[in-house]
Amino acid sequence: MRGMRIRGLSTTPRANGRTRVVSPGAYGRASPATSRNDVTSKLPAFARGCDWIGFAAVTGSSESGTCRQDPVAIAATQAENPNDNPVVEDRVRAHRITEVLPRAVALFDCPAESEGSDVLRALRYLVKQLSARRQPDRAHQIIVFSDLINNRGELNINRLDLGESARGRKIKELRDARLLPDMTGYAVTVHGFLRAKTSSPDRFPLLEGFWREAFESSGASTVDLL
Numbered sequence: 001m002r003g004m005r006i007r008g009l010s011t012t013p014r015a016n017g018r019t020r021v022v023s024p025g026a027y028g029r030a031s032p033a034t035s036r037n038d039v040t041s042k043l044p045a046f047a048r049g050c051d052w053i054g055f056a057a058v059t060g061s062s063e064s065g066t067c068r069q070d071p072v073a074i075a076a077t078q079a080e081n082p083n084d085n086p087v088v089e090d091r092v093r094a095h096r097i098t099e100v101l102p103r104a105v106a107l108f109d110c111p112a113e114s115e116g117s118d119v120l121r122a123l124r125y126l127v128k129q130l131s132a133r134r135q136p137d138r139a140h141q142i143i144v145f146s147d148l149i150n151n152r153g154e155l156n157i158n159r160l161d162l163g164e165s166a167r168g169r170k171i172k173e174l175r176d177a178r179l180l181p182d183m184t185g186y187a188v189t190v191h192g193f194l195r196a197k198t199s200s201p202d203r204f205p206l207l208e209g210f211w212r213e214a215f216e217s218s219g220a221s222t223v224d225l226l
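Per the UniProt record's numbering, the sequence shown starts with residue 1, numbered consecutively.
Please note: incorrect hints may appear among the correct ones.
[Said to hold, decoys possible] Subject to a maximum C-alpha distance of 30 Å in a straight line, what follows is the list of computed DSBU-like cross-link-like pairs (lysine-lysine):
no. : residue 1 : residue 2
1   : K128      : K172
2   : K170      : K197
3   : K197      : K172
4   : K128      : K42
5   : K128      : K170
6   : K197      : K42
In short, the hints are calculated from the structure, not lab data. Quantities reported herein were computed from a predicted structural model and do not represent experimental measurements.
Produce the entire structure from the sequences given, and follow the hints as far as they go.
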């Protein structure tokens, strides 16, 4: 599913955004320097439109590991801004946003817990954080920094038959086992995915088809693979 292509996120009203940030292991063939540059160059603009941001690291044990950072509540609370003063709101937001990038890049320095990248489990952990924060009348976004080469847990992309019928069966298997995260209504943007096109040009269209179908089956409203 391509859906409507998105760049960043809507800001009117400010999105109740949630961002997912990954560890270097999620990049597979990308260098740590390249991975960090993606996060430092793209995350701040995304964060400016969010009211709340959560984090999940893609590691070999994404759902059960200790590589975690606390979320950041960016918008001013009612107690902090009882009169909805825009000057107060902007001052609170400007301060809180400075906490986002340091927490994100700190995930790069987590001790290695296990080999590989488990993207699905990271997404499931993220969705668990988001479930208590859902506001149906607000926009919700997930930004992913990864090449999506899931090679741990229930999904090993490197060994998977990515033909149309085979990938459909695999996605159904994951969905029926409740291993796909519920991303209903989320706009998803993935940075780093196109690196797979350079390293595996013949397999890339099949990989793209798999992830679009997987995100669609998970309920994502839009998907942008960059």
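Now for the hints, and whether the structure bears them out:
no.	hint	result
1	K128 / K172	21 Å, holds
2	K170 / K197	22 Å, holds
3	K197 / K172	25 Å, holds
4	K128 / K42	24 Å, holds
5	K128 / K170	23 Å, holds
6	K197 / K42	21 Å, holds
Of the numbered hints given earlier, the model fails none.
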